[in-house]
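2 protein chains.
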Amino acid sequence: MRKTIIRSVFAGLATVIIASCCGGNTATSNENDAIKNIMSRKSVRSFTDEKITDEQMDIMLKAAMAAPSGMNLQPWSFVVLTDTSRYDKVFAGNFNMKVFKDAAAVVVFCADTTQAVRGTEERVPNTLWRDDLGACTENFLLAAESLGLGAVWTACYPIADRMGTVKTCLNLPAEVLPYSIVAVGHPDTENMPKDKYDASRIHIEHW
Amino acid sequence: MRKTIIRSVFAGLATVIIASCCGGNTATSNENDAIKNIMSRKSVRSFTDEKITDEQMDIMLKAAMAAPSGMNLQPWSFVVLTDTSRYDKVFAGNFNMKVFKDAAAVVVFCADTTQAVRGTEERVPNTLWRDDLGACTENFLLAAESLGLGAVWTACYPIADRMGTVKTCLNLPAEVLPYSIVAVGHPDTENMPKDKYDASRIHIEHW
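These protein sequence lines map, in sequence, to chains A and B. Here our numbering is used: the first residue of the first sequence is 1, the next is one more, and so on. Here our numbering is used: the first residue of the second sequence is 1001, the next is one more, and so on.
None of these hints come from the bench; they were simulated from the model. Honestly, I wouldn't trust all of these hints.
[Claimed, not checked] Away from chain A, derived, C-beta distances all over 10 angstroms, residues of chain B:
#1 Lys1036
#2 Asp1049
#3 Asp1088
#4 Met1097
#5 Lys1101
#6 Thr1113
#7 Gln1115
#8 Gly1119
#9 Glu1121
#10 Glu1122
#11 Val1124
#12 Ala1135
#13 Thr1189
#14 Asn1191
#15 Met1192
#16 Asp1198
[Unchecked claim] Coverage of chain A stretches by chain B, computed from C-beta distances (three or more under 8 angstroms per stretch; other residues unrestricted):
#17 78-92
#18 114-127
#19 130-140
Computed from a predicted model, the values in this text were never measured in an experiment. C-beta: ideal position from N, C-alpha, C; glycine also.
Please model the entire structure based on the sequences and the hints provided.
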């Protein structure tokens, strides 16, 4: 332990000296780990056979549920599949099974497409569930990246064939639709994020 | 600088000792800064009059453009408003102006709702633009949180009144729709994230 402490102190010292020499107070504060993680996220479509832990899945689902939602309705639910023998039944024919076959888990992000009318039992369409589920799926992917896992978002809604089989196989309630399907596991190769920055997409004050 | 180095070395030393004593290798690796940032994000609706820097806006927009998109179409564009005298014209009547009035910037997330047919000039509907824009907006909000800024996502699409005025005022092309509106600035009070974790939303293997 003593050696570790000494090594860490010197590493800390080196960092401080480098940061001070480069005068990069602004750069250091802005290039934080959360930003680095967002910029590092990539679609991972090929996995080793290593499992992920219950704790990792729990952290990713907690992150997913921390997404913002219109009027705080939180219209999301999750079906977590880890029994690989069921992947074919639920997904084959409509999805790229090459991606799913070695995934440690496949998570089906589901949306309650209705919302209660306040104070009554009446339910009416929720017009913002799709936006909430998009943010929710992205949070899960970012959490996976930060844990050293790989994941890929596959669209389900609004593709009728994909939705039909998944809804039936998973026994989803009538008002609940399968929105996105995320395969997650340990990446089996190094994957690089795309550089998608395009300054021409930014307009100042008006188009 | 010498004092800073010494202080940092001791802070580093303390961290190493605490980490070693608590033996929490798993906990430490999983509770990383990216996860903490996701769990800390909250809607901020009230701002000081402090401006945000061009660098901060650039980082947030880069994070937004790092979102995943179906077939990598990247259907997003951004209109950044910082001229507060225009906020009323673009948003009043349809949005909660209390939120916008002190925002250092209001960013309109726009979506190209079409996609090119490969190898031709024909454009057809893109059925996944809304999902991409959801992830894109969430990345921006997470980046804001990580920079110590506050932000709130306001829905625009599919609310006709909101979309109409924004589209006209910002001179958006016909195929481009205003999707979400994000007010961003320095929070003027402490805001706490909601705890939205709900284990009953998680289903194993089937609903």
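Structure-based check of all given hints:
{"no.": "1", "hint": "Lys1036", "in the structure": "violated (8 angstroms)"}
{"no.": "2", "hint": "Asp1049", "in the structure": "holds (19 angstroms)"}
{"no.": "3", "hint": "Asp1088", "in the structure": "holds (14 angstroms)"}
{"no.": "4", "hint": "Met1097", "in the structure": "holds (18 angstroms)"}
{"no.": "5", "hint": "Lys1101", "in the structure": "holds (17 angstroms)"}
{"no.": "6", "hint": "Thr1113", "in the structure": "holds (14 angstroms)"}
{"no.": "7", "hint": "Gln1115", "in the structure": "holds (13 angstroms)"}
{"no.": "8", "hint": "Gly1119", "in the structure": "holds (22 angstroms)"}
{"no.": "9", "hint": "Glu1121", "in the structure": "holds (19 angstroms)"}
{"no.": "10", "hint": "Glu1122", "in the structure": "holds (21 angstroms)"}
{"no.": "11", "hint": "Val1124", "in the structure": "holds (15 angstroms)"}
{"no.": "12", "hint": "Ala1135", "in the structure": "violated (4 angstroms)"}
{"no.": "13", "hint": "Thr1189", "in the structure": "holds (18 angstroms)"}
{"no.": "14", "hint": "Asn1191", "in the structure": "holds (13 angstroms)"}
{"no.": "15", "hint": "Met1192", "in the structure": "holds (13 angstroms)"}
{"no.": "16", "hint": "Asp1198", "in the structure": "violated (7 angstroms)"}
{"no.": "17", "hint": "78-92", "in the structure": "holds (count 7)"}
{"no.": "18", "hint": "114-127", "in the structure": "violated (count 1)"}
{"no.": "19", "hint": "130-140", "in the structure": "holds (count 9)"}
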